[in-house]
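Number of protein chains: 2
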Amino acid sequence: MTKKRVVIAGMGFGGLRAAKALAGNDVEMIMVDRNNYHLFQPLLYQVATAGLEEEAIAYPLRSLTRHWRGASFLLAEISSIDLVEKNVITDAGAVPYDYLIVAAGSRTNYFGMESVAAHAFDLKRLDQAEDLRNHILLMFEQASREPDKQRRSALLTFVIVGGGPTGVEFAGALRELIVYVLSQDIPTVSAAESRIILVEASDSLLTAMPEDLRQYAHSKLRTMGVEVLLDNRVVGATAESVELYGGAVIASHTLFWSAGVAAAELAASLNDVERGAGGRVMVLPDLSINGHPEVFVVGDMACCFQQGMPLPMMAPVAGQQGDYVARVILAREQGKTLPPFHYFDKGSMATIGRSSAVATAAGFKFRGYIAWLAWLLLHLYYLIGFRNRIVVMMNWTYAYWFQERQVRIITAKKRRAVSV
Amino acid sequence: MTKKRVVIAGMGFGGLRAAKALAGNDVEMIMVDRNNYHLFQPLLYQVATAGLEEEAIAYPLRSLTRHWRGASFLLAEISSIDLVEKNVITDAGAVPYDYLIVAAGSRTNYFGMESVAAHAFDLKRLDQAEDLRNHILLMFEQASREPDKQRRSALLTFVIVGGGPTGVEFAGALRELIVYVLSQDIPTVSAAESRIILVEASDSLLTAMPEDLRQYAHSKLRTMGVEVLLDNRVVGATAESVELYGGAVIASHTLFWSAGVAAAELAASLNDVERGAGGRVMVLPDLSINGHPEVFVVGDMACCFQQGMPLPMMAPVAGQQGDYVARVILAREQGKTLPPFHYFDKGSMATIGRSSAVATAAGFKFRGYIAWLAWLLLHLYYLIGFRNRIVVMMNWTYAYWFQERQVRIITAKKRRAVSV
Numbered sequence: 001m002t003k004k005r006v007v008i009a010g011m012g013f014g015g016l017r018a019a020k021a022l023a024g025n026d027v028e029m030i031m032v033d034r035n036n037y038h039l040f041q042p043l044l045y046q047v048a049t050a051g052l053e054e055e056a057i058a059y060p061l062r063s064l065t066r067h068w069r070g071a072s073f074l075l076a077e078i079s080s081i082d083l084v085e086k087n088v089i090t091d092a093g094a095v096p097y098d099y100l101i102v103a104a105g106s107r108t109n110y111f112g113m114e115s116v117a118a119h120a121f122d123l124k125r126l127d128q129a130e131d132l133r134n135h136i137l138l139m140f141e142q143a144s145r146e147p148d149k150q151r152r153s154a155l156l157t158f159v160i161v162g163g164g165p166t167g168v169e170f171a172g173a174l175r176e177l178i179v180y181v182l183s184q185d186i187p188t189v190s191a192a193e194s195r196i197i198l199v200e201a202s203d204s205l206l207t208a209m210p211e212d213l214r215q216y217a218h219s220k221l222r223t224m225g226v227e228v229l230l231d232n233r234v235v236g237a238t239a240e241s242v243e244l245y246g247g248a249v250i251a252s253h254t255l256f257w258s259a260g261v262a263a264a265e266l267a268a269s270l271n272d273v274e275r276g277a278g279g280r281v282m283v284l285p286d287l288s289i290n291g292h293p294e295v296f297v298v299g300d301m302a303c304c305f306q307q308g309m310p311l312p313m314m315a316p317v318a319g320q321q322g323d324y325v326a327r328v329i330l331a332r333e334q335g336k337t338l339p340p341f342h343y344f345d346k347g348s349m350a351t352i353g354r355s356s357a358v359a360t361a362a363g364f365k366f367r368g369y370i371a372w373l374a375w376l377l378l379h380l381y382y383l384i385g386f387r388n389r390i391v392v393m394m395n396w397t398y399a400y401w402f403q404e405r406q407v408r409i410i411t412a413k414k415r416r417a418v419s420v
Numbered sequence: 001m002t003k004k005r006v007v008i009a010g011m012g013f014g015g016l017r018a019a020k021a022l023a024g025n026d027v028e029m030i031m032v033d034r035n036n037y038h039l040f041q042p043l044l045y046q047v048a049t050a051g052l053e054e055e056a057i058a059y060p061l062r063s064l065t066r067h068w069r070g071a072s073f074l075l076a077e078i079s080s081i082d083l084v085e086k087n088v089i090t091d092a093g094a095v096p097y098d099y100l101i102v103a104a105g106s107r108t109n110y111f112g113m114e115s116v117a118a119h120a121f122d123l124k125r126l127d128q129a130e131d132l133r134n135h136i137l138l139m140f141e142q143a144s145r146e147p148d149k150q151r152r153s154a155l156l157t158f159v160i161v162g163g164g165p166t167g168v169e170f171a172g173a174l175r176e177l178i179v180y181v182l183s184q185d186i187p188t189v190s191a192a193e194s195r196i197i198l199v200e201a202s203d204s205l206l207t208a209m210p211e212d213l214r215q216y217a218h219s220k221l222r223t224m225g226v227e228v229l230l231d232n233r234v235v236g237a238t239a240e241s242v243e244l245y246g247g248a249v250i251a252s253h254t255l256f257w258s259a260g261v262a263a264a265e266l267a268a269s270l271n272d273v274e275r276g277a278g279g280r281v282m283v284l285p286d287l288s289i290n291g292h293p294e295v296f297v298v299g300d301m302a303c304c305f306q307q308g309m310p311l312p313m314m315a316p317v318a319g320q321q322g323d324y325v326a327r328v329i330l331a332r333e334q335g336k337t338l339p340p341f342h343y344f345d346k347g348s349m350a351t352i353g354r355s356s357a358v359a360t361a362a363g364f365k366f367r368g369y370i371a372w373l374a375w376l377l378l379h380l381y382y383l384i385g386f387r388n389r390i391v392v393m394m395n396w397t398y399a400y401w402f403q404e405r406q407v408r409i410i411t412a413k414k415r416r417a418v419s420v
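For the record, the sequence lines run as chains B and Z. 293 is the number that the working numbering gives to position 293 of the first sequence; each next residue is one higher, with no gaps. 197 is the number that the working numbering gives to position 197 of the second sequence; each next residue is one higher, with no gaps.
For reference, chain B alone in the conformation it holds in the complex (with noise of 0.2 Å):
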């Protein structure tokens, strides 16, 4: 009997943790990606501020596969799958699959809003976070030997549009990096000059925590020097300017947007599925999707619905699917059935700065430093590879003792001179 072939479609922490629960079984497995490596993304922020290499959160995947036994890796952009004949259409040509875990995870979303759209930044690419550090560091280049006044106020204000984790742990981490290095680096620019406004649309940051910690995130964040714009919204953009809701115009050469996620392309190529909010695939109690019990979705494509409401578009609850898919075939091989998935929630945290955090777990909240040094510990927990983990706790204690950020190079100027 010839083994089943599972095809992994991308190789985020859904695909990553259906691979490793995958791994050793009686299954050919085939993983797809456009990059040759896992991205750890909730540390991009960091990349874009300074903080960490972009080597230090990417782990390549044929580390993985080059010790699994029949697991093999391919290279390869997917244009769309073929559920009739059971074929992922690549541009390295066609991949039959017996099963497939479509984990492509998602895209930014900017609600049509074209002008926001072309002069954003967002970070969901680890290239997108090298291209925003770039940027920041060049704003603080051209303000020092910037004359006229208001061209150097713009070219110092940043608005950061969305108050979750994303924006919360970036306006945090941006403040820093211009309060403890940049000011200093640059003697003729003082961190009271540069403005950074997070703008929310709802009357609160990180909706999903408790009261009193989003309170401490808004009076922390406040007390760093981030002004927090509530009940607004950005609307419009030009490459110096933000357009807020009702006309007010920031002067602005920053714009960054976290305020909306949809589906990865990829989502519109399943004919004939039923599809939820932001084009996320629907998908029946064991996260197939109806009428194709071979294909899975997981993670951020997936609509999955639990007392409810869909399940938020996070690193967890793609973890736990990918996961459970892999059992759930690997059970039907053998004949037998999985219980419909569920997601365990183990809470969330948000990091605001030095030694400031929040987080939920268990029913209980934590705030302060010891929020913050469990933020630590488990983002280097959950880090692909002992080496990354090493790079990324120095490059944190480094930070800590010396409040120096030293990968503040910027690298983009002469490979876009040199490309294209």
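It is possible that some hints are incorrect.
Chain Z residues, not near chain B, derived (Cβ > 10 Å throughout) [claimed, not checked]:
| hint | residue |
| --- | --- |
| 1 | Tyr37 |
| 2 | Gly247 |
| 3 | Ile250 |
| 4 | Ala268 |
Cβ-to-Cβ under 10 Å is the rule here; a few derived chain B residues that face chain Z [unchecked claim]:
| hint | residue |
| --- | --- |
| 5 | Ala76 |
| 6 | His135 |
| 7 | Leu137 |
| 8 | Pro187 |
| 9 | Ser190 |
| 10 | Ala191 |
| 11 | Ala192 |
| 12 | Glu193 |
| 13 | Ile197 |
| 14 | Tyr398 |
| 15 | Tyr400 |
These are computed hints drawn from the structure, not numbers from a lab. Every residue gets a Cβ at the ideal spot worked out from N, C-alpha and C, and that includes glycine.
We have chain B already, so just place chain Z on it with the hints.
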């Protein structure tokens, strides 16, 4: 009395040593560079072979100026130098000087061979090292799914031109990357399938080394599986082939060029100044230029004769010259003069592979493990920045113990698609 202003054009080894020697003295100092970091070029080849991350060999220049009173940094591209008005002309405006240290380094010299210039990789800048790393890794990914035998062989063939230290070190590091890492990563591609061809125009590798060390390096490379072609040279290239003198054509998608350097373009903007081979600027015994005692040229840009021979274009020469001109300037301000510049040759070294290197120092010759260890320690010592030293040491230790290189991530595809 206002302080005299010293402008340093270019912050490579020459500029950096000059700046360090001037720091803390009674002059104003402006360091100008197109990048905001000092680059440790001798280890670029390790970035290109996935042994080190980019950031580990770059040191932010503002880390230095923030601690030096009277020193500032300007991120700018220098277009020319106005010797009459005493201005450095940059894309951020004109910078007047009292003293000028020109230390803009070198560029790759393809000796007018346009097809080679169009298709060859070289290693001068950080982005070039990343491009080359991405390309090498991509060649193996493409070979892993290439059914055509000839095409596959061309993808796995690497031609390196130039048998100096850069060519030898790159050849050894690439071979080890293939044997220990890539052929393990990809079970369908064997190390024996892959060819590395090192082409040298003279009759020996490492011509600056004593005869027995040259032979050691040659036989060591051959044992590792590198093909060495002496008395030969590359005269043309396409994206998929390399042409040798005499007409032989090697099917190869990768051509690495380390067979020639010339002075940076900026040298041409110094009017009425005599130039030597490769456009290098002829300097007087105190490294100033004829008719302009306030302008000094150091490093690869300078053509400085010693015992009838021009000094080699190497980091130690640049460093000693930078240090010397700083002392000349400080002495002159006190009405003193210094004896002419004299280069003190501490020796040279090249690493070939694991536990294998050649070195000369103080009239002694070393090879094998002891030379390799000396190479490691000296490179760590000369690398700038405590954090960088730790990161590099960790990568080397990790690679040595585990024979793995975790930096083997392909970052270019996306970036190229995004930029421009």
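Taking the hints in turn, this is what the structure says about them:
no., hint, in the structure
1, Tyr37, "violated (4 Å)"
2, Gly247, "holds (31 Å)"
3, Ile250, "holds (25 Å)"
4, Ala268, "holds (20 Å)"
5, Ala76, "holds (8 Å)"
6, His135, "violated (12 Å)"
7, Leu137, "holds (7 Å)"
8, Pro187, "holds (8 Å)"
9, Ser190, "violated (14 Å)"
10, Ala191, "violated (14 Å)"
11, Ala192, "violated (18 Å)"
12, Glu193, "violated (17 Å)"
13, Ile197, "violated (26 Å)"
14, Tyr398, "holds (5 Å)"
15, Tyr400, "violated (13 Å)"
Comparing the model with each earlier hint shows violations of hints 1, 6, 9, 10, 11, 12, 13 and 15; every other hint is respected.
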